[in-house]
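Asks: These protein sequences, in sequence, are chains A and B. So the first sequence is residues 1 to 116, counted in my numbering. So the second sequence is residues 1 to 113, counted in my numbering.
To be clear, the hints were calculated from the coordinates, so they are not data collected in a lab. Keep in mind that a hint or two might mislead.
[Claimed, not checked] Here are the simulated lysine to aspartate or glutamate pairs, EDC-like style, with alpha carbons at most 16 Å apart:
| hint | chain 1 | residue 1 | chain 2 | residue 2 |
| --- | --- | --- | --- | --- |
| 1 | A | Lys-22 | A | Glu-56 |
| 2 | B | Lys-41 | A | Glu-39 |
| 3 | A | Lys-22 | A | Asp-49 |
| 4 | B | Lys-66 | B | Asp-88 |
| 5 | A | Lys-22 | A | Glu-5 |
| 6 | A | Lys-103 | B | Glu-59 |
[What the hints assert, rightly or not] With the C-beta cut set under 10 Å, the calculated list includes, among others, these residues of chain B facing chain A:
| hint | residue |
| --- | --- |
| 7 | Val-4 |
| 8 | Gln-6 |
| 9 | Arg-10 |
| 10 | Thr-49 |
| 11 | Phe-91 |
No residue lacks a Cβ here, since even glycine has one placed at the ideal position from N, Cα and C.
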Amino acid sequence: GENVEQHPSTLSVQEGDSAVIKCTYSDSASNYFPWYKQELGKGPQLIIDIRSNVGEKKDQRIAVTLNKTAKHFSLHITETQPEDSAVYFCAASNRGIGGATNKLIFGTGTLLAVQP
Amino acid sequence: GAVVSQHPSRVICKSGTSVKIECRSLDFQATTMFWYRQFPKQSLMLMATSNEGSKATYEQGVEKDKFLINHASLTLSTLTVTSAHPEDSSFYICSAPLQARAFFGQGTRLTVV
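So here's chain A without its partners, still in its complex pose (with noise of 0.2 Å):
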């Protein structure tokens, strides 16, 4: 089955700075990866996802690149603030035919701190 694997862990930034999210996978199938968001006590929140016919995507200050051939794919944060501080989780799964709902494989998640 698949597994997704997350680093780093944690990661600690300056306000302003840039954060990236790594994350690879296993399964060679899978096609979509979404990020998201998740605050303390609260449940996860999509920020951006990316299907496996594109190698990038933008909205704003967040973008996610995918290397298929690899099988990674990352999150980039630009001019972070403290409200981007929280879990982030990257997902990964097997759209079926039609955009069949399966299954979505979690990573492991990292703790984002944006320190003022």
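For this one, chain A is given, so just place chain B on it according to the hints.
Replies: Chain B in isolation, oriented as in the chain A frame:
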């Protein structure tokens, strides 16, 4: 994004009692919903897939008689923790898919005393 509502957000119960957690998709229909469990400082572990109108599919190692799932309508799935014990204390989260994306509820903190 889509809204998934989970209730209650917190519950404390006595050992041996049962607790029901509800997961609703507020503005869309979901034939499938997912239930996760999360221990402190750990990742989300999929417990089961809830299927509307049919039996849930449980992940390996999850006791289906302990974690009863009912997906009675296209907008509601419930997870009942039966005969709860302190080791069942955890953060339970549901998700529902919309347009091939998964949206999560706000989670339920269960404490069994």
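Asks: Does each hint hold? Answer for all of them.
Replies: Status of the hints after comparison with the structure:
{"no.": "1", "hint": "A:Lys-22 to A:Glu-56", "in the structure": "holds (14 Å)"}
{"no.": "2", "hint": "B:Lys-41 to A:Glu-39", "in the structure": "holds (12 Å)"}
{"no.": "3", "hint": "A:Lys-22 to A:Asp-49", "in the structure": "holds (14 Å)"}
{"no.": "4", "hint": "B:Lys-66 to B:Asp-88", "in the structure": "holds (10 Å)"}
{"no.": "5", "hint": "A:Lys-22 to A:Glu-5", "in the structure": "holds (8 Å)"}
{"no.": "6", "hint": "A:Lys-103 to B:Glu-59", "in the structure": "holds (11 Å)"}
{"no.": "7", "hint": "Val-4", "in the structure": "holds (8 Å)"}
{"no.": "8", "hint": "Gln-6", "in the structure": "holds (7 Å)"}
{"no.": "9", "hint": "Arg-10", "in the structure": "holds (9 Å)"}
{"no.": "10", "hint": "Thr-49", "in the structure": "holds (7 Å)"}
{"no.": "11", "hint": "Phe-91", "in the structure": "holds (8 Å)"}
Checked against the numbered hints given earlier, the structure satisfies every one of them.
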